[in-house]
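Once you have looked at the hints, place chains S, F and U with the ligands on chain V.
Chains as they are written, first to last, in my numbering: chain V, 3 to 120; chain S, 3 to 120; chain F, 17 to 309; chain U, 17 to 309.
Hints listed in this document are in silico derivations from the structure and should not be mistaken for laboratory results.
Owing to the predicted nature of the structure, the values given are computational and were not obtained by experimental measurement.
Here a beta-carbon is modelled for each residue, glycine too, at the ideal position from N, C-alpha and C.
It cannot be assumed that every hint is accurate.
Only some residues are given here: those of chain F computed to face chain V with a beta carbon under 8 Å [what the hints assert, rightly or not]: (1) G112; (2) R244; (3) E249; (4) I272.
Restraint-style ranges between C-beta atoms, simulated for each label pair [said to hold, decoys possible]: (5) U/P152 - F/Q241: 50 to 60 Å; (6) U/D197 - F/Q241: 50 to 60 Å; (7) U/N38 - V/D68: 48 to 58 Å; (8) F/P159 - U/E223: 51 to 61 Å; (9) V/I44 - F/N38: 21 to 31 Å; (10) F/P154 - S/A49: 33 to 43 Å; (11) V/A114 - F/W59: 28 to 38 Å; (12) U/N153 - S/E38: 27 to 37 Å; (13) V/D52 - S/A114: 57 to 67 Å; (14) F/R189 - V/N118: 39 to 49 Å.
Here is what each chain is made of, one letter per residue.
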Amino acid sequence: MSSYTPKVEGTHVYDTQMSRQGRALNKMLYSLKNPENRELFIADESAYCDKHGLSAEQKLAVLDRDWKKMTEIGGSIFYVIKLAAIDKKSMQDLGGVFTGMSTEQFKAELKAGGRNFG
Amino acid sequence: MSSYTPKVEGTHVYDTQMSRQGRALNKMLYSLKNPENRELFIADESAYCDKHGLSAEQKLAVLDRDWKKMTEIGGSIFYVIKLAAIDKKSMQDLGGVFTGMSTEQFKAELKAGGRNFG
Amino acid sequence: MAEITWGLATSHVPSIGAAMDNEKTEDELWKPLFDGYQPAREWMAEQKPDVAIVIYNDHANALGLEMIPTFSIGTAEHYDVADEGYGPRQVPNIVGDAELSEHILVNLVDEGFDMTVLQELDVDHGLTVPLSVYTPNPGDAWPCRVVPMLVNVLQYPQPTADRCLALGEALGRAIRSFPQDIKVAVFGTGGMSHQLSGERAGLINQEFDRNFLEKIETDPESLSQITRAEYVEQAGSEGIEMIMWLIMRGALGDNIRRVHDTYHVPASNTAAALALFAAEKSAEENTDAAIAQ
Amino acid sequence: MAEITWGLATSHVPSIGAAMDNEKTEDELWKPLFDGYQPAREWMAEQKPDVAIVIYNDHANALGLEMIPTFSIGTAEHYDVADEGYGPRQVPNIVGDAELSEHILVNLVDEGFDMTVLQELDVDHGLTVPLSVYTPNPGDAWPCRVVPMLVNVLQYPQPTADRCLALGEALGRAIRSFPQDIKVAVFGTGGMSHQLSGERAGLINQEFDRNFLEKIETDPESLSQITRAEYVEQAGSEGIEMIMWLIMRGALGDNIRRVHDTYHVPASNTAAALALFAAEKSAEENTDAAIAQ
Ligand SMILES: [Fe+3]
Ligand SMILES: [Fe+3]
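One chain only, chain V, in its complex shape (with noise of 0.2 Å):
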């Protein structure tokens, strides 16, 4: 995270030294929007990594379904969630990941109002 943006207490400031860090990635992920890469990506992975220029942590990470570390290293949450569609994941899914807990548990709080940090 850039000095120039706002500390946020356990908080994703996405910002540019991120998108930065995360661009191959994302470029990579943006590209899935396209039904035939998608085809390709499923098809060999790890060579659709390769031809976006992953970087080894990244590629790693997407190999990995890494979801928590993908966010760490510059993929937007928003090119993240093109991964999990493929995989048929929920970003109620996605939230169990990040927060450590099971899907049906980050469910039951969200329901129940949301999680509150007041």
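Frame of chain V, contents of chains S, F and U with the ligands only:
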């Protein structure tokens, strides 16, 4: 030209409406900044125009190298010169065409201080 | 001249669209939200605009991160529904209003708003879900033309809330100076509080949301003074989308009346709300009209 | 803190670069222009900045017409030289300054300038020719980092001249608040009068140009009041590029000194000029510095 655009005698004021009109043409011309695309274009100009969805009028202007026409039907001059570059034509060659002079006459007028409309 | 007749603030979370598309609106989870929409929908159905200006943000479906405009406006005659990763949503494509787009663009640039012009744009849930909130069953075509206006809310620095309110005021002036007798509705979309990633994922701040829902009518200036850091801290990384409501609010002007609102938790990972305002002609405009007669 | 040391206004017409690249600078047609550059080049070579902010416009080499930002700024670490249709110009690629870019971006957005962020950008003659005017023989690398700032001058509505001057003033404040002790030069590029297409192709208006060359130093406010229609009418469709000089001028501040200028007709289809200004610390800044001691 849109009703919001200032009218200036004898001058193109390139605006959103012209840009919309020339969308397919400019997109095709923009693609020529890529060397592989230049080769594809040169190999079969007509097919290349069709692939880019040019209207009959746009395609004819391209195949005929009707420079004036291209700028009148929404081609932006900075896109049109990508085609001129393929033909090894300079901006002075096009200036001659636009003004009904030979390239040499047009160059001579510029060398004499440019054309004065004051 | 064109008239702004109403403004709708609404969440645009994809699951609201999915609930409609998959006929889950009567399910226990979703029924309260859609019941809450009903009175607004009935009122809007009686007050059909010719054009909707929809203020929203793209979610990695049309704009890549290589080029991030703070404010942009579509100037096309058509916009297709984007494929967001599992095929396009089965709703009608969008008919634009290129002439109104250009009028707004020129007026905003003249007033010193540094707009980006989008001559091509696929529209995602940020735009289509609010249209579905307005018209759940459009059939083959949406009931109005649409001018999309997009805001960068994904990457810091977002525009300040204050700049959004100012843009809205200029947008209102631009619409009202359009020389066609058409009715225009303005949609401010996004929000309410939500946080998708990180350890605070699932954050909902009802107090912040309810204050925002009230003040968007009565005191938008106070909301325009909230910093970006406060929006993120209070309403979550994605809750900052609420700044887009201020653009709608600025366009409506001083003389508005709340028709209906509703608030619901959760819609997917977010608090969801709707607030509908009728724009009445200002005293000044009525005077102008009287003088003109 | 960063300091703005000089500002250069210069045409960026591709043929100036081609004349250098093809060693034609001693030819009868080109010699007067390059002789005119010489004193400025010598002065600048003694005053090397760490970073150059280059204000220019792309010419269909990086930005297509599907998305047209009024003002944009590069935030990358590297920018490649664009292929403009006959292979990239054989000059070094560009090293950026991502940290300064981000500082400028955040400060401009905070001041209400609605910037578009370019994380990827190939730079065309609009940027590389001014660098060649500054440094004709860069060898393997340009002598400074570069932050590109782009302006829409190709499609109406361009930003007003007034807005450009205001952006420049904000840019100056942003640069001077950057917490590194670096020297920054600002390049305003484009112009002078020229018209590429239409029946008025070949237009040159020396009177307008010479007035602009004078007032850019002494009375930029008067130039900022010229409408876009007047720029096009007086200086040609492409002559409106001159509004980009006002951004440079705004950044320099009140206390400047003209080091050198030159004016030449024709360079290809355009009048070409160069004007170099040393920025001296303002009285206010000197006072601040004295107080700080
Ligand atoms: Fe959203
Ligand atoms: Fe130029």
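Results for each hint:
1. Taking 8 Å as the C-beta contact cut-off toward chain V, the hint placing F/G112 at the interface is violated, the least distance being around 21 Å.
2. The interface hint given for F/R244 holds, since its Cβ lies 7 Å from the closest Cβ of chain V, which is under the 8 Å cut-off.
3. Given hint, F/E249 at the interface with chain V, holds; its Cβ is 5 Å from that chain's nearest Cβ, closer than 8 Å.
4. This hint is violated: F/I272 has a C-beta 29 Å from the nearest C-beta of chain V, more than the 8 Å allowed.
5. Restraint check, U/P152 to F/Q241: a C-beta distance of roughly 52 Å satisfies the suggested window 50 to 60 Å.
6. Distance hint check: the CB atoms of U/D197 and F/Q241 are about 35 Å apart, inconsistent with the given range 50 to 60 Å.
7. With their beta carbons about 53 Å apart, U/N38 and V/D68 fall inside the hinted range of 48 to 58 Å.
8. Between F/P159 and U/E223 the Cβ separation comes to about 56 Å, which falls inside the hinted range of 51 to 61 Å.
9. About 24 Å separates the C-beta atoms of V/I44 and F/N38, a value consistent with the hinted range of 21 to 31 Å.
10. Taking 33 to 43 Å as the suggested C-beta distance range, the pair F/P154 and S/A49 conforms, at roughly 39 Å.
11. About 32 Å separates the C-beta atoms of V/A114 and F/W59, a value consistent with the hinted range of 28 to 38 Å.
12. Take U/N153 and S/E38: their Cβ atoms lie about 32 Å apart, and the range 27 to 37 Å holds.
13. As the Cβ distance of V/D52 to S/A114 is approximately 59 Å, the hint placing it in 57 to 67 Å holds.
14. Separated by about 41 Å at the C-beta atoms, F/R189 and V/N118 satisfy the suggested range of 39 to 49 Å.
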